[in-house]
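Here is what each chain is made of, one letter per residue.
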Amino acid sequence: MLLNSWAIALLVSAAAAFFLLGGAIRTAIRVLFSWAPEQDTAVQIALENETWLAALLVRYGMVLQLASLLLLVLAADSFSHILIGAMCATGAFVANDYGMPALIFKLFGVFFYGFWLVLHRLDIRSEFLPLTRIKFAYLLLLGPLLCADITLLVLYLINLKPDIITSCCGVVFAAGGAEDGNLLGPLPTPFVMLLFYSTAAALVLLALFLQRSNRTADPMGGMPVANFFFGTICLFFFILSLVVITVVISPYIYALPSHRCPFDFLRVEYYCVGYPIYLTLMLATFAGISCAATSFLQKLPGLAIPVCRFRQNCLRVFLLLLPVFLALVSWFPINYVVKGGE
Amino acid sequence: MDAPYIGRLLNILDYALSSLRRKLLKNFGVFTVFSVVIFLFSSFQLTSRALTEIARQTLTTAPDITVQQMSAGRQSSIPLAAKEQLAAIFGIKKIDARIWGYYFDESNGANYTVIGMDTMPDHAPGSPWPGLSEGRLPTAGETGKAVISAEMRRQLQLGERKFFSLFRPDLSLASFETVGIFSKDSDLVTADLILMTMGDARNLFAIPDGLATDLLVQVGNPLEIDTITGKIRDKLAGVRVITRAQIQKTYEVVFSWRSGLGTICLLTALVSFVILAWDKASGLSQSELREVGILKILGWQTGDIMLLRFFESATVALFAFLTGWLLAWVHVGYFAGALFRPIFLGWSVLRPDLAMVPPLVFSDVLLVFSISVLPYLCATAVPAWRAAVVRADSVL
Numbered sequence: 001m002l003l004n005s006w007a008i009a010l011l012v013s014a015a016a017a018f019f020l021l022g023g024a025i026r027t028a029i030r031v032l033f034s035w036a037p038e039q040d041t042a043v044q045i046a047l048e049n050e051t052w053l054a055a056l057l058v059r060y061g062m063v064l065q066l067a068s069l070l071l072l073v074l075a076a077d078s079f080s081h082i083l084i085g086a087m088c089a090t091g092a093f094v095a096n097d098y099g100m101p102a103l104i105f106k107l108f109g110v111f112f113y114g115f116w117l118v119l120h121r122l123d124i125r126s127e128f129l130p131l132t133r134i135k136f137a138y139l140l141l142l143g144p145l146l147c148a149d150i151t152l153l154v155l156y157l158i159n160l161k162p163d164i165i166t167s168c169c170g171v172v173f174a175a176g177g178a179e180d181g182n183l184l185g186p187l188p189t190p191f192v193m194l195l196f197y198s199t200a201a202a203l204v205l206l207a208l209f210l211q212r213s214n215r216t217a218d219p220m221g222g223m224p225v226a227n228f229f230f231g232t233i234c235l236f237f238f239i240l241s242l243v244v245i246t247v248v249i250s251p252y253i254y255a256l257p258s259h260r261c262p263f264d265f266l267r268v269e270y271y272c273v274g275y276p277i278y279l280t281l282m283l284a285t286f287a288g289i290s291c292a293a294t295s296f297l298q299k300l301p302g303l304a305i306p307v308c309r310f311r312q313n314c315l316r317v318f319l320l321l322l323p324v325f326l327a328l329v330s331w332f333p334i335n336y337v338v339k340g341g342e
Numbered sequence: 001m002d003a004p005y006i007g008r009l010l011n012i013l014d015y016a017l018s019s020l021r022r023k024l025l026k027n028f029g030v031f032t033v034f035s036v037v038i039f040l041f042s043s044f045q046l047t048s049r050a051l052t053e054i055a056r057q058t059l060t061t062a063p064d065i066t067v068q069q070m071s072a073g074r075q076s077s078i079p080l081a082a083k084e085q086l087a088a089i090f091g092i093k094k095i096d097a098r099i100w101g102y103y104f105d106e107s108n109g110a111n112y113t114v115i116g117m118d119t120m121p122d123h124a125p126g127s128p129w130p131g132l133s134e135g136r137l138p139t140a141g142e143t144g145k146a147v148i149s150a151e152m153r154r155q156l157q158l159g160e161r162k163f164f165s166l167f168r169p170d171l172s173l174a175s176f177e178t179v180g181i182f183s184k185d186s187d188l189v190t191a192d193l194i195l196m197t198m199g200d201a202r203n204l205f206a207i208p209d210g211l212a213t214d215l216l217v218q219v220g221n222p223l224e225i226d227t228i229t230g231k232i233r234d235k236l237a238g239v240r241v242i243t244r245a246q247i248q249k250t251y252e253v254v255f256s257w258r259s260g261l262g263t264i265c266l267l268t269a270l271v272s273f274v275i276l277a278w279d280k281a282s283g284l285s286q287s288e289l290r291e292v293g294i295l296k297i298l299g300w301q302t303g304d305i306m307l308l309r310f311f312e313s314a315t316v317a318l319f320a321f322l323t324g325w326l327l328a329w330v331h332v333g334y335f336a337g338a339l340f341r342p343i344f345l346g347w348s349v350l351r352p353d354l355a356m357v358p359p360l361v362f363s364d365v366l367l368v369f370s371i372s373v374l375p376y377l378c379a380t381a382v383p384a385w386r387a388a389v390v391r392a393d394s395v396l
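Residue numbers (the working numbering), protein chains in the order written: chain C, 1 to 342; chain E, 1 to 396.
Looking at chain E on its own, in the form it has when it is part of the complex (with noise of 0.2 Å):
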C-alpha cells in the first residue's frame, strides 16, 4: 500500500464525516432505529449466552449418572434394591439415593421442587457445602430440618421466622425448620427448591419404605460414564440413565432454540430497517445532487463518491453498533435481561433471581454484526451507486 492510496481513503474519510456532521439529524434517525434494533439482537444473544454460562456452572455439582425406573412410558419409583445391583459395576465410585417431586402451594399458586438426600453428591457431612449462602444442610437421621432460596423465603413470607409447613396427602401438616439458604448462583435451579432429608421427603409425599425416585450414580473417571452408562442398562430392565452432559446439552438446545425463535421474530423488525435505510439513502435532495455534481466537476470519480457513502453508512453502523451492544450489556448485566428473561426461563411464580454476567465472546460480536450491519451495508449499497453516476452536468 503506497501513502498517496491511504491518504486519499483519509481525505474521503474526512470528508465523510464532516458530511455526516452537516446531515446530522437525517442520520440520528437512521442511528436511532439501527442502535434499537440491533439492541434487541444483542440482548438475545447475550441472555442465551449468560444463561448458558449459568447452567454450565451450576451443572458442575450435578451427579454424573441418573437413574429412573420407567413404567408405561412414564416416570417411577425405583426399588432401593437396584442400589445394591449398580454397586457391583466397575468404576462407579458411589450411589445416593433420592426422593424427589413437585408440591403445589394453594396459597399463592406456585409449584415447589421438593428434593430428599441423605448425602449431597462430592460432600464430605459435616463440612460447609458451597452451594450454601448460609446455614448447612440436614444431616441423615435428622426429622423436620429443610434448605430453601431466598426467592423462597420471600414468598412463604417467612420473616425472620425459620419454621414452616407444608401438607401432606391426607391434609395433615407436617413442620420444617430452615437451617440453611441457597447461593445466589444457584438460582436457575434452586430458586424453587426444598431440600431435606429422605425420611422427611418420604414423610411429607407418602412414599413407601424400600422406594425412591431416582439413584445419582458417581463415577471415578469421566472417561467411563458412557460405558457405565450402557452397563446400568443392562443390568437394570425399563430404566431411564441421564448422563450430565446430556443434561447440558439439553439446556443448551432449548436455549439456543429459544433464541433462535427469539431472532426470527426479530427479524422482521431487520427487513423494516433495512426498508427504511434504503428509503433513507435513495431519497437524495437537490442539494445532496447538486453536491455530487460539485464533487464530479472538482475530479471526483464515481469510485470515489461510492466510497464516501460507504465510509457514511459504515460510521453510521459501527456506531449504532457499538451503542446497540453497550445497551444490551448494561440491559443484561444490570437488568438480568429483564425484557427476554421470561421467554428464556418462562412465567412461574418463583423468579429466579440471577446475577447474569455475559462474557464477552468474539463469535457473539461476529454473529450480531453479520446479523445486522452486512444487511445494512447491503441495502445502502444500490442507493450509493444512484447517487455517484449523477451526471454534473445534469444537476447544476
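So that you can see chain C by itself, here it is in the shape it has in the complex (with noise of 0.2 Å):
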C-alpha cells in the first residue's frame, strides 16, 4: 500500500533521515581515518569543521526519526480504516510480519541516535576532544540500524494489503492466551503490578544513591557496578512499563476490560492520554540509561567536571518524569478503585 498519504510521507522521511545520516557517516569515515587533534594541518581543520556538520545531521536525524515514529503510530491508525478486521493501530501493524519489528526498530532508533548526540554534547565540552574517535565509530553503526529500520518499513508498506484480514487489539492482546497471533501471554495482574512498583522503588532509590554519591564522591571515580545496575533495571523497567500498560492499565483507561491496547488511549476520545505517557517513559528511560552508560566516561581527560555535571541532570530529570509517569498510569486504576468507575 505505498500509494497513500501516510506511507509517502514515512518514505519522505525514510529519504530525508537516509541522505542525512549519509552525510554524516561520510564525516565519521574521514574522522576515522585521518583525524590527528594534536595536527594543526588544514586537512584537521576541515575535519574540526565536519564534525559539526555531522552533529547538527544526526540531530536533524533523530528529528525526523521522532517524528517518523509517531508518523508511525498515526499512520497504522489510518491503515485500521482501511484494512479487513482491524480497528486500530494494532491490527495495522500485525497486518504482516513486518509491522512489529519496524514499529521496534524506529523506537529503540531514537534511543540510539539520542545516545550519540549525548556524547558529541559531552565530547565538545573537552578541550581535548576526546569521545571523537568513539562517537564517530558509533555513527557508523547507526548506518545500519537506519538500513534495518528503512527497509522494514518499505517491507512493512508493500505488505500492506487492504484485502487481507488482520486481527483487532481485542486478539492479539486477549488475556485468554490461547488463540492464534496473541503477542502477550495470561500475566498474573497483582504479580506484574508488584514487579512493576517495586522495580519503580529500586530505580528511585538506586538514582537518589546514585545523586548523593556523584555530588559527594570525587568526580573521578565512579560506581561501575551501581551504574551497571541502574542502566540494565533502566531498561527492564521500559520493556516492563509498555507490557504494564498494554495489559494492566488500559483496560482502566478505556473502562472496558475486554480492551487491551497500547495505541487507543493516543486517540482524541482519551484525551490523548497516551502522549504523556509515552513521553515521559521515554524521557525518563533515556535519562537513566545516558546517566549510566557514561559513567565510564569521567575518567578521560577534560570530562570529569562536564560528565559529572550531565549525570546530575540526567538523575534530576529521571528523579522528575519516573513520578510523573507513575502517577499518570496509576491514576485510572486508583480512580476506578477508589470512584468505583468513570
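The hints are simulated quantities; they were obtained by calculation from the structure and are not laboratory data.
Owing to the predicted nature of the structure, the values given are computational and were not obtained by experimental measurement.
Take the hints with a grain of salt, since some may be wrong.
Unchecked claim - So the derived label-pair ranges between C-beta atoms look like this:
1) Y336(C) to L267(E): 41 to 49 Å
2) L256(C) to G303(E): 45 to 53 Å
3) L366(E) to N159(C): 22 to 30 Å
Built from N, CA and C at the ideal position, the CB exists for glycine as well.
Join these two chains into a complex; the hints should help.
Take a look at the structure:
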C-alpha cells in the first residue's frame, strides 16, 4: 500500500533521514581515518568543521526519527480504517510480519540517535575532544540500524494489503492466551503490578543513591556496578512498563476490561493521554540509561566535571519524570478503585 | 534549563527575525513558493478527509447488509422468494426488496441512478424522513411519484414544474411527479438519484414480477452482522453479500488511494522546492559572508550561527505552513475543494454539490508538516553549516 499519503510521508522521512545520516557517515569515515587533534593541518581544521555538520545532521536525523515514529503510529491508526478486521493501530501493525519489527526498530532507533548526541555534547565540552573517535565509530553503527529500519518500513508498507484480514487488539493482546496471534500470554496481574512498582521504587532509590554519591564523591571515581545495575534496570523497567500499560493499565483507561491496546489511548476520544504517558516514560528511560552509560567516561581527559554535571542533570530529569509517569499510569486504576468507575 | 541558556536562545531568535526582515525580498520568494506547495498538499489531505467524513455520515443510513444475486460473475435479478428463505434467520429485523438501475438521459448525456423501494430502511411510513430537505417520500402503492435532488431538478430544467417523463425500454413515456427533494447533506450519493416506488421502477425498467435487483437486510444487533452474513451465504446459492462496513472501507480505500496518487504527483513540486530552498540558502552574497565574519569576531560560535540559520528557516517554514494550511482550508471549506474535487469524485455531468467541512485533525497537520516542513529544514542544514564555518579572516 505505497499509494497512500501516510506511506508517502513515511517514505519521504525515511529518504531524508537516509541522506542526512549518509552525510554524517561520510564525515565519520574521514574522521576515523585522518583524525589527528595534535596537528594543525588544513585537513584537520576541515575535519573539525565537518564534525559540526555531522552533529547537525544527526540531530536533524533524530528529530526526523521521532517524527516518523509518531507518523508510523498515526499511519497505522489510519490504515486500520482501510484494513479488514483492524479496528486500531494494533491490527494494522500485525497485518503482516514486518509491522511490529518496524515499530520496535524505530522506537529503539530514537534512543540510539539520542545516545550519539549525548556523546557529542560531552565531547565538545572538553578541549581535548576525547570522544571524537568513539562517537564517529558509534555513528558508523547507526548506518546499518537506519538501513534495517528503512528496509522493514518499506517491506511493511509493500506487504500491507487492504484485502487481507487482520486481527484487532482484542485478539492480539487478549487475556485468554489460547488463540493464535496473541502477543502477550496470560500474566498474573498482582505479580506483574508488584514487580512494576517494586522496580520503580528500586530505581528511585538507586537514582537517589547515585545522585548523592555523584555529588559527594570525587568526580574521577565512578561506581561501575551500581551504574550498570541502574542502566539495566532502567531498560528492564521500560519494557515492563510497555507490557503493564498494554495489559493492565489500558483497560482502565478505556473503562472496558476486554479492551487491551497500547495505541487507542493516543486518540482524542481518550484525551490523547497516551502522549504524556509514553513521552515521560521514554524521556525518563533515556535519562536513566544515559546517566548509567556515561559513568565510565568520567576518567577521560577534561570530561570529569562535564560528565559529573551531565549525570546530575540526567538523574534530576529521571527523578522528576518517573514519578510523573507513575502518577499518570496509576491514576486510572486508582480512580476506578476509589470512585468505582468513570 | 537555566536562564542564561534560554536568554541566549531568545537573543539568537531576535537576531534571526531582524535578519529575516533585512533580507525580506529573498525570503519572500521562498515563503511564497513554499506556501503554494503546502497549500497543494493540505488541500489534497483536507479534501480527502472531508469526503471520508461525508461518506461516513451518509452511510449511517445505508442498510446493514445488501444481498445481490450473481450469475456468471455478473449481477442479475434476485427472486423475491429469497426474502422468505432469509426471514427464517434469527437476528434479522427486516428485509426490504429494491429495484435499481441506471437511466441514460440522451438529452443531456447524464446517467441517473433510479431506485425503487416501497419502504425506506429505518423509516416508519407517514413520518418525515431526515434525508429530505422538502416534501415527502412516495408511499407503497402510489404510482408516478418520485424524489429527486436539487441538482437533478436543474439538469431536467424543471424550474417550478413538478412533472417530468422518462423513457421505458420500448420508448413509451412514463410520467412522474416530484413529491420531495433530497437534502444537500447527502449529495455525495443522491446528486444523480431518482427515488420512486418499486412498482414504478419495475414499470420503468420493464422488470418481470417476482424479481428485484437486491435485498436490503436490517440486523437487530450490529455485533451479529458478520455471523448473519455467513448464514445468508449458506442459505442462498451464488449470492454476493455486502455489509455497510465494507462499503465504508471501500470509500476510504478509494479516497486514500486517490489522495496518495495526488501526493505522489505533488512530490515533484516538493523536490523542486527543496532544490530551490537549497540553492537559495547556499548562494551567500559577499555582505552575508561579511556578516558571518563580523559575528565570529564578536564571539559567536559555529553552533550559534547554525542555530541562527535554523531559526530563520524554521520561521519561514512556520509562516508558510500556516498560510498554506489556511488557504487550503478556505479552498476546501468555501470553494468545496474546486481544484481537486474532480480527482476524488470523477467527472460526471451531475456534480454533487457538497458542503465540505474539513475537521481539524492533529494527524492531518502532522502529515502535511512532515511531508513539507521537515524536508525543507533538512535541505537547509548543509547550507547553514557552510555559512557557519566561514573563517572570519577569509571574508573581512
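**Prompt:** Which of the stated hints cannot be reconciled with the structure, identified by number in ascending sequence?
**Reply:** none
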